[in-house]
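Q: Keeping the supplied structure of chain F fixed, place chain P upon it in accordance with the hints.
Going line by line, the protein sequences match chains F and P.
Counting in the numbering used here, the first sequence runs from 17 upward without gaps.
Counting in the numbering used here, the second sequence runs from 24 upward without gaps.
I should point out that these hints are in silico values taken from the structure, not numbers from a laboratory.
All C-beta atoms, glycine included, are put in the ideal place defined by N, C-alpha and C.
Any given hint could be a false lead.
[Claimed, not checked] Facing chain P, a subset of chain F residues (Cβ under 10 Å, in silico):
#1 M23
#2 S50
#3 P74
#4 S93
#5 V101
#6 V105
#7 V111
#8 I115
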Amino acid sequence: MSNDPNMWERIASGRTPEVWIALVAGTLYVYRKSENTSKITRVIEAGISGMLGYSVGPDAASWAGINDAIAVVMISSLGYLMLDVLTSVVADRAVIKDIIVRRLGGGKNE
Amino acid sequence: MSEMSNLRATVRRQSTPGSLVLLICTALVFGPRVWDYIIGEPWIDNQLMIVENSSHEIIVEDLTYTKEPVHGLRVNTVEADDGDILCSTEHHNSWHGERKRFWRLGAFTGCAPQQESFRVCSRFSVSSGSGRTRLFGPFCSPYMAASEVSDSSSK
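Chain P with its partners taken away, still in its complex shape:
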């Protein structure tokens, strides 16, 4: 019987304790997402951006993406640059496919526009058909610098 000499040599070369530790770490890091993908568990991805519209209002650009219909609780927060949560709001909703929406800051987070630099974040608590609850996030926007905030509030 022919020998798989190349494959054997590779397995021998890569079967070091370091490689095994890395493989285990990779399985732990990417495993849950891969498993969700294989068995079709619901998941949600979200991207947030703070932008200014033509009337100089601060608007939150909110892009959500799911493969399957997802239901759950969403918690939106406004965070200062030291990580303090300044205010938050929560609501139940359903998401499916790719949705891009624009929100006024007050409608998205329940906060008035901030005078200091801040970012907005979203956390999702999603239930699967089997009743298992999974948490996703925080998904955060980049910080809006204090100078940009004061510029937009003075206009």
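Here chain F stands alone, though its shape is the one from the complex:
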């Protein structure tokens, strides 16, 4: 794939114009919504969302029986939100584990 001279052309032609427009809409939304002060970080966040939309959108649309463009705009707009929540859960895993252990009646091994 990396040696394919037509790789970018194939990526561009792999989705219809309306899907590309949906993808741009989703990524612009993420860029605009981000609270990061660094423009590069905002571009990276928007890029991650766009790539999620491009790669997962058509499969999600086919699974749910909906239009590709609708699935793409949803995934690209919300993709980063989901990743953000998952990343926070992983970052707070020790605290979450503590809470679960306490709720189950266990104690800290300190």
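A: Structure of chain P alone, referenced to chain F:
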């Protein structure tokens, strides 16, 4: 008690009206399918392609996929590129698992081969065990261009 500072910050960051509207829209769009999946309601997926066989006949390649046994009514149509339905046929059937079949256009839709560009579509009306009827589709093939149609009919 320790604070879930990262999670709290994320929830605060993402709790904007825009995010909530998007979450509601996503629930409305993907919700029915997710709900069907969770409670095991019957559903059907279908992919159609118009192909030409070795004897230059127009054949419809019909791939249906279900997880559970599904019973219902299937309506097949031939549509012109302006969206007009040129003819249709319907039948009751049962589907289970993945089935790929090839049909002559006449057997699939009740139509003679068309001279202009067209596509075939299927719509399903499926009943669940509880008697609830759900509609799936239209599942449509790509258009077969007029040039391809005339090529295959002249051979």
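Q: Against chain P, run the beta carbon of V101(F) and see if the smallest gap drops under 10 Å.
A: This interface hint holds because 6 Å falls under the 10 Å limit.
Q: Hey, does the S50(F) contact hint survive, CB to chain P under 10 Å?
A: Where the cut-off is 10 Å and the nearest Cβ of chain P is about 9 Å from S50(F), the hint holds.
Q: If you take the shortest Cβ to Cβ gap from M23(F) to chain P, is it below 10 Å?
A: 24 Å, violated
Q: Have a go at the P74(F) hint: is there a Cβ in chain P nearer than 10 Å to its own Cβ?
A: 13 Å, violated
Q: Have a go at the I115(F) hint: is there a Cβ in chain P nearer than 10 Å to its own Cβ?
A: Hint holds; I115(F) Cβ to chain P Cβ min 8 Å, cut 10 Å.
Q: Under 10 Å is the threshold here; is the Cβ of V111(F) close enough to any Cβ of chain P for the hint to stand?
A: V111(F) check passes; min Cβ-Cβ to chain P is 5 Å, inside 10 Å.
Q: Would the hint on S93(F) stand, with a C-beta cut-off of 10 Å toward chain P?
A: This interface hint holds because 5 Å falls under the 10 Å limit.
Q: Given V105(F) as an interface hint, is the shortest Cβ-Cβ distance to chain P below 10 Å?
A: Given a least distance of 6 Å, the restraint on V105(F) holds.
Taken one by one, the earlier hints fail for this structure at numbers 1 and 3, listed in ascending order.
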